[in-house]
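In the order they appear, the protein sequences are chains A and B. Going by this note's numbering, 155 is the number at position 155 of the first sequence; the sequence numbering is gapless. Remember, this note's numbering sits 300 above the position in the second sequence when you count from 1.
If you are wondering where the hints come from, they were derived from the structure by calculation, not from laboratory data. Take these hints with a grain of salt, some might be off.
Straight line, CA to CA, 20 Å or less: simulated SDA-like cross-link-like pairs of lysine to any residue [what the hints assert, rightly or not]:
(1) A:K274 to A:S240
(2) B:K330 to A:R27
(3) A:K30 to B:K565
(4) B:K330 to A:D25
(5) A:K265 to B:S409
(6) B:K330 to A:S109
(7) B:K330 to A:I113
(8) A:K30 to B:R324
(9) A:K262 to B:S409
(10) A:K30 to B:S409
(11) B:K428 to A:I113
(12) A:K157 to A:D122
(13) B:K565 to A:A272
(14) B:K565 to A:S109
Partner residues aside, some chain A positions facing chain B, computed with beta carbon under 7 Å [to be verified]:
(15) F64
(16) I113
(17) P119
Only a predicted model underlies this, so the values are computations on that prediction, with no experimental measurement involved. Glycine is no exception: its CB is placed at the ideal position from the N, C-alpha and C atoms.
Number of protein chains: 2
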Amino acid sequence: MMGVECKSLQIIQTVRELESVLNRDFRMGKTVGFVPTMGFLHEGHLRLIETAKEHDDIVVMSIFVNPAQFGPGEDFESYPRDLENDIMKAEKAGVDILFIPTAQEMYPSDSGIRILPGPQADVLCGSKRPGHFDGVLKVVLKLFNIVDPDRSYFGMKDAQQLALIETFVRDFNLRTQIVRVSTVREEDGLARSSRNVNLNASERLEAPSIYRALLIGAENFDAQKSPQDIEREVVELINSNTSGEIDYVTLLSYPSLTAITKDSKEVILACAVKFTNTRLIDNIIMSTKDGFHVPNDDEQ
Amino acid sequence: MMGVECKSLQIIQTVRELESVLNRDFRMGKTVGFVPTMGFLHEGHLRLIETAKEHDDIVVMSIFVNPAQFGPGEDFESYPRDLENDIMKAEKAGVDILFIPTAQEMYPSDSGIRILPGPQADVLCGSKRPGHFDGVLKVVLKLFNIVDPDRSYFGMKDAQQLALIETFVRDFNLRTQIVRVSTVREEDGLARSSRNVNLNASERLEAPSIYRALLIGAENFDAQKSPQDIEREVVELINSNTSGEIDYVTLLSYPSLTAITKDSKEVILACAVKFTNTRLIDNIIMSTKDGFHVPNDDEQ
Numbered sequence: 001m002m003g004v005e006c007k008s009l010q011i012i013q014t015v016r017e018l019e020s021v022l023n024r025d026f027r028m029g030k031t032v033g034f035v036p037t038m039g040f041l042h043e044g045h046l047r048l049i050e051t052a053k054e055h056d057d058i059v060v061m062s063i064f065v066n067p068a069q070f071g072p073g074e075d076f077e078s079y080p081r082d083l084e085n086d087i088m089k090a091e092k093a094g095v096d097i098l099f100i101p102t103a104q105e106m107y108p109s110d111s112g113i114r115i116l117p118g119p120q121a122d123v124l125c126g127s128k129r130p131g132h133f134d135g136v137l138k139v140v141l142k143l144f145n146i147v148d149p150d151r152s153y154f155g156m157k158d159a160q161q162l163a164l165i166e167t168f169v170r171d172f173n174l175r176t177q178i179v180r181v182s183t184v185r186e187e188d189g190l191a192r193s194s195r196n197v198n199l200n201a202s203e204r205l206e207a208p209s210i211y212r213a214l215l216i217g218a219e220n221f222d223a224q225k226s227p228q229d230i231e232r233e234v235v236e237l238i239n240s241n242t243s244g245e246i247d248y249v250t251l252l253s254y255p256s257l258t259a260i261t262k263d264s265k266e267v268i269l270a271c272a273v274k275f276t277n278t279r280l281i282d283n284i285i286m287s288t289k290d291g292f293h294v295p296n297d298d299e300q
Numbered sequence: 301m302m303g304v305e306c307k308s309l310q311i312i313q314t315v316r317e318l319e320s321v322l323n324r325d326f327r328m329g330k331t332v333g334f335v336p337t338m339g340f341l342h343e344g345h346l347r348l349i350e351t352a353k354e355h356d357d358i359v360v361m362s363i364f365v366n367p368a369q370f371g372p373g374e375d376f377e378s379y380p381r382d383l384e385n386d387i388m389k390a391e392k393a394g395v396d397i398l399f400i401p402t403a404q405e406m407y408p409s410d411s412g413i414r415i416l417p418g419p420q421a422d423v424l425c426g427s428k429r430p431g432h433f434d435g436v437l438k439v440v441l442k443l444f445n446i447v448d449p450d451r452s453y454f455g456m457k458d459a460q461q462l463a464l465i466e467t468f469v470r471d472f473n474l475r476t477q478i479v480r481v482s483t484v485r486e487e488d489g490l491a492r493s494s495r496n497v498n499l500n501a502s503e504r505l506e507a508p509s510i511y512r513a514l515l516i517g518a519e520n521f522d523a524q525k526s527p528q529d530i531e532r533e534v535v536e537l538i539n540s541n542t543s544g545e546i547d548y549v550t551l552l553s554y555p556s557l558t559a560i561t562k563d564s565k566e567v568i569l570a571c572a573v574k575f576t577n578t579r580l581i582d583n584i585i586m587s588t589k590d591g592f593h594v595p596n597d598d599e600q
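One chain only, chain A, in its complex shape (with noise of 0.2 Å):
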């Protein structure tokens, strides 16, 4: 009989035997703890690695880029990928169950179903990738179902795709809750991520003050400036003090991705800024309780 008695890293690449491996009747009172990512590993994934083992007895990742998240003219083809990297490092931090699957083996059928999210996915990074989060809450919902985890790790940085699953876990009823994990940042502040290499060394030094104004930013929520303040502020700030070109500087309830009203419970202040050869997103995600914000990387 197949167990889940994990001493080292076991990978998977069905979809068939994942589900057998982690069924219920065989997990004798275990969680599983699910980390699914798309591969090419760096701290941030780390640091979910680690919240999950802090949580739970068993911590499946997922390794798959995911086809139906990117757009045409987007970089599935040339996402970057390193898997014998991420297996040793997977294997390194702990991970029980990799699973890898073929798209062939994620999608081996396709009748036309869509799950389509509502105006959440029409602001920030959304409203550049249409059909984005279609294809985002579409593999959530295929890997919930295969992996039935306990809980969910999710990293802040990607603060609008926590939004939506978040959302889908609820309006959904999903079988597993949602664990938010602070983005991992530079000592000099800069959000941790794949793309920062791209970054020329002007660029470099320049792209922590993103951060920097955000941080002004939570200070001038907490002192009650009006959104449209705050977010000149800092649009000013970052424009006088990187050569990037601003996306968007956002301010809005978390994670309903609406208008802040005096209800807002949880408030994000997002940006997008593009640079020669990247576009950076950073954010921070502010409680209202009590009428004081905590910033989500508040152990920083």
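Got chain A sorted already, so can you dock chain B onto it with the hints?
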């Protein structure tokens, strides 16, 4: 500790209570069979329960008139309800758990995330009910997540609904097995339906001709007549034997609901006929294996 020891009917109205009663860790290896309904139970529903009891240890039935699957101008308000009678019938039939949520309990919030069916929803009854199957897929996904059934039971009378749900389960790896249950018929062959009471006396006498026409269509399919000829003959038979107005008579691959090809493994011959105060649907699903068909009502 709440368990799933079910000596008599247990009525549950909240998602939270149902989830805790059906918690996988408390099931002790017992299987759960699920029968989703909109209530006003008739013989067809009782057959679903009976089949579930043959396969599963615990039978859960839901009664929920799902507003999301009624379009504007459809009969959500006037849809027949008789909860007291339903509870008696469910208890007598041996249902273990009856889930009766309110609309507020099922849809406490709406972010606008929708599940859109593909072209399967554009034929047969779906062509006249835009948005209907969005609402069906939404409630089905929610109920599957809440109940987490090993098997779920659906009647073959609602063949398009069944086709869509089978496809949704396949393409999104939903964690339940779909069991098809044959249409229950009156002695004269008329498919059981709560709508049959709306036929007037002469229509009631004519109505069995619908199924007889479908059976002749099935014979013609076996005799390898063309889809066009098969459909035409069924139309002629219904027209000459009833006063009803034909909405459609259609032969398609099943469950894809696309045009028949030589690779079709199953086909459906389906029709809808309007009478004075009601509209009846019926169908025959045939396997094409070994060149023979197997009507879905072969035990009749």
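Exercise. Hints broken by the structure, by number, lowest first?
Worked result: 3, 6, 7, 10, 13 and 15
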